[in-house]
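**Student:** Protein chains in written order, with the numbering used here: chain A, 1 to 141; chain B, 1 to 222.
Do not take every clue at face value.
Computed far set for chain A versus chain B, every beta-carbon distance over 10 Å [to be verified]:
1. 2
2. 13
3. 17
4. 57
5. 83
6. 95
7. 136
Here are the simulated DSS-like cross-link-like pairs (lysine-lysine), alpha carbons at most 25 Å apart as the crow flies [to be verified]:
8. 136/A x 154/B
9. 24/A x 46/A
10. 20/B x 54/A
11. 214/B x 173/B
12. 54/A x 24/A
13. 7/B x 91/A
14. 54/A x 91/A
15. 54/A x 173/B
16. 192/B x 214/B
17. 91/A x 24/A
18. 173/B x 136/A
For each label pair, taking beta carbons as the anchor points, the in silico distance ranges come out as [claimed, not checked]:
19. 81/B x 48/A: 23 to 33 Å
20. 54/A x 20/B: 12 to 22 Å
21. 112/A x 20/B: 15 to 25 Å
22. 48/A x 63/B: 18 to 28 Å
23. 20/B x 88/A: 36 to 46 Å
Everything labelled a hint here was simulated from the structure, so no lab data went into it.
Glycine included, C-beta positions come from ideal geometry on N, C-alpha and C.
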Amino acid sequence: MSFTPDIRVFCCHYTSQQAIAEGKDGLTADGFPVNASIDRLVCSGKLQVSTILKAFEDGADGVCVVGCPVNECHNLMGSQRAAHRVVAVRKALSELGVEGERIEMSHLPRGFHPEFVEAVSRMDERTRSMGPSPFKGGAAK
Amino acid sequence: MIVAERKPVAEIVEMVSGAKRVLVLGCRGCVTVCSAGGEREVEILASLLRLGASQQGRTLETIEATLVRQCDREFVEGIDQWAGQYDAIVSMACGVGVNFIANLRPRDIVYPGVNTTFFGGSADQGVWTEQCAGCGNCVVHLTGGLCPVARCAKSLLNGPCGGSVGGRCEIHKEVLCIWQAIHDRLDRIGRKDDINRIAPIRDWSTAGHGGPRKQVRDDLTV
Chain A
1 MSFTPDIRVF CCHYTSQQAI AEGKDGLTAD GFPVNASIDR LVCSGKLQVS
51 TILKAFEDGA DGVCVVGCPV NECHNLMGSQ RAAHRVVAVR KALSELGVEG
101 ERIEMSHLPR GFHPEFVEAV SRMDERTRSM GPSPFKGGAA K
Chain B
1 MIVAERKPVA EIVEMVSGAK RVLVLGCRGC VTVCSAGGER EVEILASLLR
51 LGASQQGRTL ETIEATLVRQ CDREFVEGID QWAGQYDAIV SMACGVGVNF
101 IANLRPRDIV YPGVNTTFFG GSADQGVWTE QCAGCGNCVV HLTGGLCPVA
151 RCAKSLLNGP CGGSVGGRCE IHKEVLCIWQ AIHDRLDRIG RKDDINRIAP
201 IRDWSTAGHG GPRKQVRDDL TV
C-alpha cells in the first residue's frame, strides 16, 4: 500500500543552515522530501524526549534528529545529549512493540552538505517501507 | 535517596487498559532526583500511555501532576483537587507513595509507574549505586562508614569471604569487595583495630524480618 509518510526533522541552528539558506524550494530541488517538515532548535541538546514523543502523538511516521558531529558540537555536549534521548525514545518505542527505526540521530557538520538531504531521504524511504505509524490507529489526545 | 526506574511501558499500558482517564502523578522527592518520577518523567510517561492507548484504538485522557511528596498525608490529600477527573492513578513515586495513596484513598485505583530498586546515591551522572540496606541496625561506625550489609554481595559482617580478587567481588567483577575497601580505609584512617571487633550473631528483626517496621517518636506525636 502506497502512503506518504509524515517525517519530522529536528535539527540544530548549525546543521539547519542549509535549510535556511536554500528555503523550501531550494531544498526540494536538492531532493529533500516534500513530506518532511523541519523544526529548528538552538541546539539539538535542547530537544526533550517528550517533544519527540509529541511528534509521534501529532502524527509523525518517522523522526530525524540532526545535530553537530559528536565531538564538534557548537555547545560541546548538545548533540551527544540528543543522541542519548533518541536512544531513550527508541527503547520506549520498542517497549510498545513499535519499530525503533522510526527515529534516527544523525551527526552532520554545519553548512551545506548533501548528507542532510540524504539523512531525511533515508528516513522517508525507510518509513514508506515500514508503513504508517502504529500510533495512528486510535484517537489519543 | 530511594532509587527507582520506570516500569516497562507496555506493562503500565496494560495496567490502565480499563481506564479512560488517568492521573499520572509524580513526586518531587527522591524519584525526581534519580530522574524516575519527577515532572519530566510524568510528561514522558503520560505521552507514552496516550501513544500506547492509541495503538489499541483507544482514547486516553491524562492529567499530569506532581506532588511535593507522596509519603506524607497532607500532600496525598492534595489529590482531592482532581476528584472525579480520573479513573485510575499511576503513581511515579516509590512504593511508599503507591502504598500511601492506597492507604489514604480507599476508593481510588492506583498503579505503580516505577519499580523501586534500592537506597543509593548518584555515583556519576545517570549512574546510581546501592549504599544502604535500611536494615535498622547500623554497623558502619565499625567499618569506616562503608556498609557491608548493602555492599557485600553476601552481606557478611566479619570480614571478606576470601573469594575477592584484586579488590573486586567474586560475584560481581565490576563491584568493589567492600571488605577490602573497609580494610584499606580503616588502615588509612588509623582505625585498623576496629576490624578485630567481632560482630555478634545479628538480630535481623530490625531489617524487616519481623514484619513491617514502625517508628514512633513521642516527642513529635500529637
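**Student:** Run every hint past the structure and note whether it holds.
**Tutor:** Comparing the hints with the structure gives:
1. 2: holds, 23 Å
2. 13: holds, 23 Å
3. 17: holds, 30 Å
4. 57: violated, 6 Å
5. 83: holds, 13 Å
6. 95: Check fails; 4 Å does not lie beyond 10 Å.
7. 136: Given a closest Cβ separation of 7 Å, the condition is violated.
8. 136/A x 154/B: Not satisfied, since the Cα-Cα distance of roughly 50 Å exceeds 25 Å.
9. 24/A x 46/A: holds, 24 Å
10. 20/B x 54/A: holds, 19 Å
11. 214/B x 173/B: violated, 37 Å
12. 54/A x 24/A: Judged against 25 Å, a Cα distance of about 24 Å means the pair holds.
13. 7/B x 91/A: holds, 12 Å
14. 54/A x 91/A: Within the cut-off at roughly 16 Å; holds.
15. 54/A x 173/B: Roughly 41 Å between the alpha carbons, so the hint for residue 54/A and residue 173/B is violated.
16. 192/B x 214/B: violated, 35 Å
17. 91/A x 24/A: violated, 32 Å
18. 173/B x 136/A: violated, 46 Å
19. 81/B x 48/A: 23 to 33 Å: holds, 26 Å
20. 54/A x 20/B: 12 to 22 Å: holds, 21 Å
21. 112/A x 20/B: 15 to 25 Å: violated, 50 Å
22. 48/A x 63/B: 18 to 28 Å: Once the Cβ atoms are compared, 20 Å apart, the range 18 to 28 Å for residue 63/B and residue 48/A holds.
23. 20/B x 88/A: 36 to 46 Å: violated, 28 Å
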